[in-house]
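Undergrad: Given these sequences and hints, build the entire structure.
Here are the chains, one letter per residue:
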Amino acid sequence: MEILKSAAAGTLESSDAMVTVEPGDGGIELELSSSVMNQYGRQIKATVLETLDRLQVSNVRITVVDKGALDCTIKARVECAVYRSCDASSANIPWGGAVR
Amino acid sequence: MIRRPKPERFRLRRTMMFMNAQKPGLIKDAYIYGCDSIMLDLEDAVAENQKDSARFSLYHALTTIDYGSTEVIVRINGLDTPHWQEDIRVCVAGGADGIRIAKCESAKDVHTVEAAVEAAEKEFGVEVGRTLLMAALESPKGILNAYEICSASDRMFGVAISGGDFRKCMQTTFQPDGVDMLAARGQMLLAARAAGIQCFDTVFTDLDNEEGFKAEVLQNKAMGFDGKSLINPKQIRLVHEVFAPTEKEVKQAEAIVRAYKEQSAAGVGVFTVNGKMIDIAFIPGAERTLRLAKACGMYEGDLV
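Taken in sequence, the protein lines are chains F and R. Residue numbering for the first sequence follows the working numbering, beginning at 6 and increasing consecutively. Residue numbering for the second sequence follows the working numbering, beginning at 14 and increasing consecutively.
Calculated from the structure, these hints are not laboratory results. Worth double-checking, as some hints may not be accurate.
To be verified - Each computed DSS-like pair below joins lysine-lysine, with the alpha-carbon atoms no more than 27 Å apart:
#, chain 1, residue 1, chain 2, residue 2
1, F, K50, F, K72
2, R, K181, R, K234
3, F, K50, R, K36
4, F, K72, R, K41
5, R, K41, F, K50
6, R, K154, R, K135
7, R, K289, R, K307
8, R, K234, R, K289
9, R, K264, R, K234
10, F, K72, R, K307
11, R, K307, R, K261
12, R, K247, R, K307
13, R, K19, R, K135
14, R, K36, F, K10
15, R, K227, R, K247
Unchecked claim - Going by beta-carbon spacing under 8 Å, a handful of chain R positions derived as facing chain F:
#, residue
16, Y46
17, G47
18, F137
Computed from a predicted structure; not experimentally measured. Think of the CB as a built atom: it goes at the ideal place given N, C-alpha and C, for glycine as much as any other residue.
TA: Below is the structure:
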């Protein structure tokens, strides 16, 4: 998917994450801050990159502010932000396909 | 991915707790509270501009979190919104046990949802007929059409009244004795029983009014409801206590079922147990008491 415009999903509440995507400069640029960076930073990063890979996003600047979210929440927020950036978040989501 | 077992159309549903599907902090461990069902909400709890986000959150909760034996129902947006079709797709794809139809007013509404559910089951390779339905009646028209709604589909397991919207339509407010919704509750119970499905009462929203909550739950039980919708885990225990049978009721039910098995084997149709006349009409009620007792940990026998 092509990131067409800046979009965000999620909140800064506990157990959640705020994810922002913007059009990139030719690659994936990830900025991550987390309340549990030392324990889970690497895992969160891997989850974000895997999710982008499944959505075939290769050109994006993505910012993740994590407040102790589970993996499944990180995925949900990244996917929603990406689909929002393409104005495609409201219908015909490939549940169980690229979104899984 | 979590694959939930095939949902049971008729199971114990004393407590059904509402939870905002958009809030990860709430839904990640909702099974620990011990309610019979959780109701993940895509409707009123989710702001209009977060409907899309709530679905992503719901999908991953349904496919990642093991809710165990807690039933997982999703409340979808009304048929007058642009959201309900995608809501149904995500519920079916994620393997929710059932869908609650908001603001249901006719059998046609049930059929509309049923058709979309079946289409989604085919799209996502889910067994056709797996996804159960229940309807929320929120208007006078819904109450007047309760029987056609209750009997509209083999997927329907129950019907619930939604007090907030209903009271508004009726130009009334909450009354401690329940007179504001007495006729509606009665009509809905009649319809549900006539159609052979379950019936659930509305939420009690004043969390600080414990006496009022208790009075309402006692009235629910006396009227014959199967259970109640809840908004807070602290409401669960009282409902389970009130809906549990008494020890005397369990003993009597056990004696009735046991005697019935012996007597009918001997060719006897009507007999007495502890001085009371018993025939086949008493058996379903006694068996229901024993099933309830089993769920409450009060009965360990093998009669049910």
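Undergrad: Looking back at the hints listed earlier, which ones does the structure fail to meet?
TA: Failing hints, ascending: 6, 10, 16 and 17.
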